[in-house]
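Colleague: Chain by chain, the residues run as shown.
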Amino acid sequence: MDLLLTSLSALARIDVAIALLIGSVGGVVIGAIPGVGPAIAIAILLPATFAMEPIVGLTLLLGVYGSSMYGGAIPAILVNTPGTAVNALTTYDGFPMTKRGEATRALSLAFGASFCGAIISIIALISLSPVLAAVAPMFGSREIFLAALLGMVLVVVTHRGQALAAGALLCLGIFINTIGLESIRYTQRFTFEQTWLASGIDLIVVVLGLFALSQAFLLLVGEDEDNKPPALVGRLFDGLKEVLRMPKIVIPSAGFGVIMGMIPGVGEFLAQFFSYSLARKTSGNGENFGKGAPEGLVASEAANNAVPAAAMIPLLALGIPGEALTAMMLSVFYVHNVIPGPQLFTNDFDFVLSLYLALIALNVLAFVFLLGATRWLTKVVLIPNRFLGMIILILSFVGVYSLRNSMIDCAIAAAFGMFGLMLKRLNLPIVPIILGMVLGGIMEVKFRTSMARVENIFEFIERPVAQVLFGIIVIVLVAHIYSLFRAKKSEDV
Amino acid sequence: MIQTNEIGSKSNQAQRVEDYFSSPYSSALVWFGVCTFLVAVFLASQLGTQAKFFDGMPIEKQPGLWSAIGIVGMLIFGFFQMLQFWFHRNGLQAPGFVAEVLTWLRAGEYVLWFMAYVYLVPIVGYLPVTVGFLMLMTWRLGYRSRAHFAFAVLTGVLIVLVFKSFLQVKIPGGVTYEYLPDAVRSFFILYL
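Order-wise, the sequence lines are chains A and B. Residues are numbered in the working numbering as their position in the first sequence, beginning at 1, plus a constant of 712. Residues are numbered in the working numbering as their position in the second sequence, beginning at 1, plus a constant of 6.
Everything labelled a hint here was simulated from the structure, so no lab data went into it. Worth double-checking, as some hints may not be accurate.
Unchecked claim - Partial pick of chain A residues on the chain B-facing surface, computed with a CB cut under 10 Å:
#: 1; residue: G885
#: 2; residue: T890
#: 3; residue: G1101
#: 4; residue: M1102
#: 5; residue: V1188
Keep in mind it's a predicted model, so treat the numbers as computed, not measured. Note that CB positions come from ideal geometry on N, CA and C, so glycine has one too.
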């Protein structure tokens, strides 16, 4: 009880409350603008949060992360354009419902499903906390190394059909992270005697280039789309009641979101895909999926909104980010010398609980905001794409330049922006580069500290948690190779 | 199937997980695969000189170990990726190499805009450059209505107020602010 009160008092501070409000409302608005998305917004805001206390900065970023998918459903349903990448499946049934004249019902179902998915996810996490607090201390250097390795393996194999490209880009991320002065013998790595490379390439510069600047370039070289959202008639609250009458869809979908969110390197895409496929089989309305089935819409929205809360688990408990957004949040921790990992869960659990409570609050705020402001939000869809690209370009400057007022950082970010543009145009993944940089850094340190404590490589997996992680890695790899053989066989047939 | 589910694009209802992660196989993709592999080969050729490996030092402490892991991974994955792109080249569905490179070059113009903006902010000042750039770019992009220009000015002012005045991000005051009257100089340097 004392713990809960301490956590609540942390949230009751005016600066935290303002951050929560701005984050959740801002996240919804950002999500509603096709072409922006939470990754760009978080990348731009990141340096600004370094001057804030960790709880304030993280609340702001969590607000953007957790609420953007609510907003992303709006253009997905109204104009068949997902506001954030993870709202892609929402278009399948949302847009046909709009064409049928059921736009308000579709939006209301999406908001209700998102809210339920998020709340189920947070309740699951709070319930799991004692288990996590007990398990987290079992993770030493070896286990964290193996968990990071598992994250890398998963990020490669989950890019089905692009695993080779994902692997190459992941390794590029590992390599980029090594550039500069290393901290053991203070030798230079791949600096080519350039002084500006000696301090390495900052993760935030890369993130801003790959996510924000590349998107700005992509929009600027593209064409404006003629989006005309239909007028909304009726009440938006009714969808929540309808969603509550679909527990067989909502609970498994949120469950997928929780599980996929917790596994590093997997994320929203597979969560919503699995939940959508399951709902198609179990709903009894499978033949209408893709043609405006409410169950399909509910499954996809409940799953993707359950992910953000769950994605905080590997970050907080092990210090391992599962995807690009939590990788960015990790830098907020590092800047404030708060090291996420097992100690955080055991020694600063009030901080962790504050974040969970912040997640509940931001979902309530986002939901209430949408009930009142959706009609106004449909107008942001009208902002021309290229105009938006121009604004992202100007905003990216804030993110990069405010780090250390360096023009070189801006040039590096612009170079990564061009590289990101090429990857986006060719539909190749960007996230493996970021995860390679972050997980590569973690693995380098943990490998060094682990090897100092073992006689030979086999002692690396002598502890139970390490054995489990190693076993999962082997199973994932074997299953992936097996699925490749099966796919090849069926192609030949 | 060409994946067009990225944000800002119309959805095309991919039916399998693979459809989310499939690339529009164009000759640009083949060239991209070849170029990235060649970069990996170049980096591998520099491994001996650009990263240190000390005799007798345990492998985990070798400074060059993780650079080598990254490069070897790029070589292996990059090689097979290149082959994959090559064997799929017959199913070309997207514009070819030249059209794609021209698009990349068109984006180069905005890199120049961005770098000019970065160069001018510490000289002229954040507020005037931001507003000026947004107006110029609005014109460059072909928007001519007063509403667009008004929106550009409003956006510029809002960006400066939020980030510099309110969030106090580290953006230096412009050199030209030094010529302002004493009464407003500090205010401009600190907040605009």
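Colleague: Could you tell me which of the hints above the structure violates, numbers in ascending order?
Modeller: 5
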